[in-house]
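Fit chains Y and W to the given chain D structure using the hints.
Spelled out from the first residue to the last, the chains are:
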Amino acid sequence: MAEKTYRDAIHEALIEEMNRDENVLLLGEDIGVYEGTFRITAGLLKRFGGRRVIDTPIAEAGMIGTAIGMAMLGLRPIVEMMTFNFALVAADQILNHAAKIRYFSGGQVDIPLVIRGPHGAGVQLSAQHSQSFESFYGHFPGIKVVTPSTPADAKAFLKTAIRGKDPVVFLESAALYGLKGEVPDDVDAVEPFGVSKVVRQGSDVTIVSYGRMLHLGLHAAEKLSAEEGIEAEVIDLRTIRPLDLKPVFASVGKTHRAVVIQEQWKPFGAAAEIAASITEAVFDELDAPVERVTGQDVPMPYARNLELLAVPQEEHVINAVHKVLYRN
Amino acid sequence: MSEIFMPKMGDAMTEGKVIRWYKKAGDPVKKGEPVLEIETDKVNLDLEAEEDGIIDQVQVEAGATAQVGATLATTRAVGSKATPESPAQTKETAPASKEATPAPARAKSSTEAREERKPAPIQEEVVPGDQRGAIVKPFATPRETAPSPESVTSERSSTRSSPLARKMAREMGVDMARLHGSGPSGRIIAADITQAAKTGAPSAGGEAGTRPAAPPVPMAPMQELQDRQIPLSAMRRTIAKRLVESLGPVPHFFLTVDLDVTQLLGQRAQLNEIASAKVSVNDFVIRATALALRHHPNVNASFTPEAIQEHGAVHVGIAVATPEGLITPVIRDADQKSVIDIAAEVRSLADRAKNRKLKPDEYQGSTFTISNLGMLGIEEFTAIINPPNAAILAVGAASQQPVVLNGQIVIRDRMKVTMSCDHRVVDGAGGAEFLRTLRQYIEQPLRLLL
Amino acid sequence: MNERSPIRLESDSAARNERTQALAGHRKKVGPGVHRASSRMKKNQMARKKEESTTVTVEAEACAPEWVEILRKMIFIRRFEEATEQQFRRGKIGGYLHVYSGQEGIAAGILTATRKDDIVFAGYRDHAHALLLGSDPGAVMAELFGKRTGVSKGKGGSMHLFDVEHGFYGGYGIVGGHLTLAAGAAFALRYQGTERIAVCYFGDGAMNIGSFHEALNMAGLWGKQGMCPALFVIENNGYAMGTSIERHSAVTDLASRMNAYAIPNEKVDGQDIFAMRGAADRIIRQIRETGRPYCIEAMTYRFSGHGAADILQPYRTKDEVEKHKLRDPINIFKTRLKEVCGVTDADIEEMEARTAEEVARAVQFAEESPQPESHELFEHVESDGGQLG
Chain D
254 MAEKTYRDAI
264 HEALIEEMNR
274 DENVLLLGED
284 IGVYEGTFRI
294 TAGLLKRFGG
304 RRVIDTPIAE
314 AGMIGTAIGM
324 AMLGLRPIVE
334 MMTFNFALVA
344 ADQILNHAAK
354 IRYFSGGQVD
364 IPLVIRGPHG
374 AGVQLSAQHS
384 QSFESFYGHF
394 PGIKVVTPST
404 PADAKAFLKT
414 AIRGKDPVVF
424 LESAALYGLK
434 GEVPDDVDAV
444 EPFGVSKVVR
454 QGSDVTIVSY
464 GRMLHLGLHA
474 AEKLSAEEGI
484 EAEVIDLRTI
494 RPLDLKPVFA
504 SVGKTHRAVV
514 IQEQWKPFGA
524 AAEIAASITE
534 AVFDELDAPV
544 ERVTGQDVPM
554 PYARNLELLA
564 VPQEEHVINA
574 VHKVLYRN
Chain Y
775 MSEIFMPKMG
785 DAMTEGKVIR
795 WYKKAGDPVK
805 KGEPVLEIET
815 DKVNLDLEAE
825 EDGIIDQVQV
835 EAGATAQVGA
845 TLATTRAVGS
855 KATPESPAQT
865 KETAPASKEA
875 TPAPARAKSS
885 TEAREERKPA
895 PIQEEVVPGD
905 QRGAIVKPFA
915 TPRETAPSPE
925 SVTSERSSTR
935 SSPLARKMAR
945 EMGVDMARLH
955 GSGPSGRIIA
965 ADITQAAKTG
975 APSAGGEAGT
985 RPAAPPVPMA
995 PMQELQDRQI
1005 PLSAMRRTIA
1015 KRLVESLGPV
1025 PHFFLTVDLD
1035 VTQLLGQRAQ
1045 LNEIASAKVS
1055 VNDFVIRATA
1065 LALRHHPNVN
1075 ASFTPEAIQE
1085 HGAVHVGIAV
1095 ATPEGLITPV
1105 IRDADQKSVI
1115 DIAAEVRSLA
1125 DRAKNRKLKP
1135 DEYQGSTFTI
1145 SNLGMLGIEE
1155 FTAIINPPNA
1165 AILAVGAASQ
1175 QPVVLNGQIV
1185 IRDRMKVTMS
1195 CDHRVVDGAG
1205 GAEFLRTLRQ
1215 YIEQPLRLLL
Chain W
575 MNERSPIRLE
585 SDSAARNERT
595 QALAGHRKKV
605 GPGVHRASSR
615 MKKNQMARKK
625 EESTTVTVEA
635 EACAPEWVEI
645 LRKMIFIRRF
655 EEATEQQFRR
665 GKIGGYLHVY
675 SGQEGIAAGI
685 LTATRKDDIV
695 FAGYRDHAHA
705 LLLGSDPGAV
715 MAELFGKRTG
725 VSKGKGGSMH
735 LFDVEHGFYG
745 GYGIVGGHLT
755 LAAGAAFALR
765 YQGTERIAVC
775 YFGDGAMNIG
785 SFHEALNMAG
795 LWGKQGMCPA
805 LFVIENNGYA
815 MGTSIERHSA
825 VTDLASRMNA
835 YAIPNEKVDG
845 QDIFAMRGAA
855 DRIIRQIRET
865 GRPYCIEAMT
875 YRFSGHGAAD
885 ILQPYRTKDE
895 VEKHKLRDPI
905 NIFKTRLKEV
915 CGVTDADIEE
925 MEARTAEEVA
935 RAVQFAEESP
945 QPESHELFEH
955 VESDGGQLG
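Protein sequence lines correspond, in order, to chains D, Y and W. So for the first sequence, this note's numbering puts the first residue at 254; every next one is plus one. So for the second sequence, this note's numbering puts the first residue at 775; every next one is plus one. So for the third sequence, this note's numbering puts the first residue at 575; every next one is plus one.
Everything labelled a hint here was simulated from the structure, so no lab data went into it.
Listed next, the stretches of chain Y that the computed footprint assigns to chain D, with coverage defined by at least 3 CB atoms under 8 Å from CB atoms of chain D:
{"id": "1", "segment": "937-951"}
{"id": "2", "segment": "957-967"}
Negatives, chain Y to chain W, calculated, CB over 10 Å:
{"id": "3", "residue": "I828"}
{"id": "4", "residue": "T973"}
{"id": "5", "residue": "L1065"}
{"id": "6", "residue": "R1068"}
{"id": "7", "residue": "E1084"}
{"id": "8", "residue": "P1097"}
{"id": "9", "residue": "L1100"}
{"id": "10", "residue": "Q1138"}
{"id": "11", "residue": "G1139"}
{"id": "12", "residue": "P1161"}
{"id": "13", "residue": "S1173"}
{"id": "14", "residue": "R1186"}
{"id": "15", "residue": "D1187"}
{"id": "16", "residue": "R1210"}
Some chain D residues close to chain Y (C-beta under 10 Å, calculated; not the full set):
{"id": "17", "residue": "H509"}
{"id": "18", "residue": "T532"}
{"id": "19", "residue": "L539"}
{"id": "20", "residue": "P542"}
Quick caveat: nothing in here was measured; it's all calculated off a predicted structure. Note that CB positions come from ideal geometry on N, CA and C, so glycine has one too.
Looking at chain D on its own, in the form it has when it is part of the complex (with noise of 0.2 Å):
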């Protein structure tokens, strides 16, 4: 174990696996020379050459595109997306050809491709470059979605993703980015999709979430134990698909109240998924109706204090703690 950042755990992940496997490759918008926008491909150029570290055109269809292509012939490409904004550009690459090649070819092909990149909201990028993206990937069967939260999960959750036969979107925060963390020294240190995790535990209120919002709910939870004495449980879903919620099932049994939280906007959002499945799964434990902490229903505005108003703060996680507990 040592300490490191969310970004050096994932650089480390990326020259861990291009050295233990030679198919492994990384394209992208100046990743190589440039050494990448967030610096997390810094050196690699260098250290792989320019067969293994390919700086691409801006045309995500096309560095999209032809990593499937690689994919399907066996290498194990992982593109970077500069922001996963630009990915729409290739929707039609991931939704289309990745998510579905598999399925349509009666299972005659893996794609073991990895897009990776930051989304959600920075600081005053205004309303192309700050969009969230877990509920628009993982509404699609076909492709995983990770949402780390922690340098360790982050470099564990790319190596699975690297190391996998499927297509994976992995979402980055670049708020995340300096967070520091313990980190597994084993290079073999994965963890498999689909295991949800209780970060805090609690008796009072179920708080999930996910990615760079976990860290909201976190903060929350440890500021109404200390001023209210209400202890909220934590649930870290780390992989929006596969999706595992049998650990907030068990907790709001317990809780009987739950608050999601999502930076993504309100209307077929991730957090209306879990809440559903709370609904249906557990129904005769709430005493309350599941809350939804999310961003404003607006496209990203520039000014700082607009941008502030449009994405959750902790003081929306404790009203709606507070809703839950008819404290209001």
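Chains Y and W alone, transformed into the frame defined by chain D:
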């Protein structure tokens, strides 16, 4: 021999219409020659002969529709013999294809189809719902489908409540209809149920009685709260099922009487001084009820789909609370047993019920049931009928009450009993008559010794 | 025009004339090897079959036993496609059905020149490619019937034939979507140190969508490092579905558009199997040696509608179709083989009879095959099932 069939011309086309025939049976056709015109949802077009031959049979007339793949006409080679007409085939249907197509094609004109709809062969199988006594089989009737506990609750109460509160109310026996919810819009939440369970059951002794009616009951010990799930025992499942079976389909109504038990309590005190077994108020009630049933065999009965079954014996079931739930051991031929015999038998059955030692014939076959929560301080309640009984008697606690007797206010021991009746068997008046007889036995307890 | 013809078409021939002129225009720009075929084509369009048969290309002067086999394959494909249309009309084949009739020379000319370990990507008009690569005809027909014995286990249908064992990496239903895949696959073949190549078929209609541009640009870039051994084949049948090339492409010389990506290119008469095969042999050798992509614009014409539901075909006249049928690649090929290989009418009749029998067997196999079982619904979503927990 070959065939001309209705071709699929579009991705979603399932049937087409024959507009007109250019050829009739017996006409020669050449390959590529138009034979008929068809209409699809997109286009009218001619169908051509695929080879030289003679039209053998026309199977779908102009104006009729046919499913994709249905044979429209058959052709035979020049010089071969005509196929004798088979009326069933030409008249009725255009089979989808000689190869197996899942559903046989039915080709009929729209007017024919409309006419055929009138007799409605399907409707003949299903007796319309407005005909009395008709049974509509294909759909689950309420009787066949046990209503969920939620729906039972909601029938009784229109108040809002959380799912958890409803579950707790069911388990703790709290009547939500009497609660005011503290949640938004009066929603009853878990905290309300917990509160009601804590405060809603006053002790049997009462607060200010001049004479202790019973030895003071110690408070139930306060327990350490913990989260735990109690798995449903087989018994609890059966209780749930049977009670739901009861309140759902059985039309309950309730009759309450306030009985004077001053004499009865006195008699009991005397008896307990001489009897070996301790005799409870309830033992008197069992005896009284059993005798009253002899007066009113219409209450000692069961509803069956064909008839009302009156029973030739009086077997009184006694609701006994056990740690796992309710069970009703049966005092057989209760009308023929003395209060002391009944008392001894009830002790024995209750003990074995609590130890789960009852044999099936000891808790099955009751003709009437008594539930007594008086010892728990419940003044008055309604019970759910224990099928197939037609009624159940809910007995409350005896307590001292000011009563106007001969123009004077006096303190008397009173006890409320409520009978739940299956209205299909017992009418209001019939139930009232039974209760009048019961009152006579209870209020004049000497009769019980006769 | 016959009022009672099964297909009612507009008699307006303006579009057809434009089209013919445009084709003639292209021909003048092509290189010498192709020019030979082109001038013959021009003659054919105006004159009899008889005249056409007098023109013999250099490539066809000597008979090779392989030619007869290629003819047999082309006839087989034609009969197979006719059977698919028939089975569609009977309701046995669902969804969309796009047949290859008229374009056989393109698939046959190239896919008989490739190596067994080369790989192929195609659009949704993909039956011929699978058959030529060696897919079992019964399994191809069964796929169209939606049976579990289909090449794609009944999960893909007509548009998504897939047979990796025979090098077929799929038919794809989103126009232009598979071009990027082919470019990446070609890269992978080189990355893995092989001499294999990737062949990517697409129609003229695929050249106006963004992924075409992205794929070809990256292919051209990687080709400069010898890292993209891909043969891009434009099956230019003159129409993007129902929109003629003049109406869908600002530059109608499609091969020339490849110059924007530094991809060498040429036009070939797709109706002339000798021209196609000759070009394919030469170009494939070059691609294998250099690792650089190449593009063939194969001029062809589709005899059937865009899909089985394209009944009215208001975008072209019956006359136009009939005129192009005079240049049926199979008939052209038959005539030539009679001359250079001494093939007789009896040989051809025997060939026709045998292929008809084979097609009937494929239909019977498809018909008798079981449907996929219900549990197969959930198979192959992801490697580990992939259902939402």
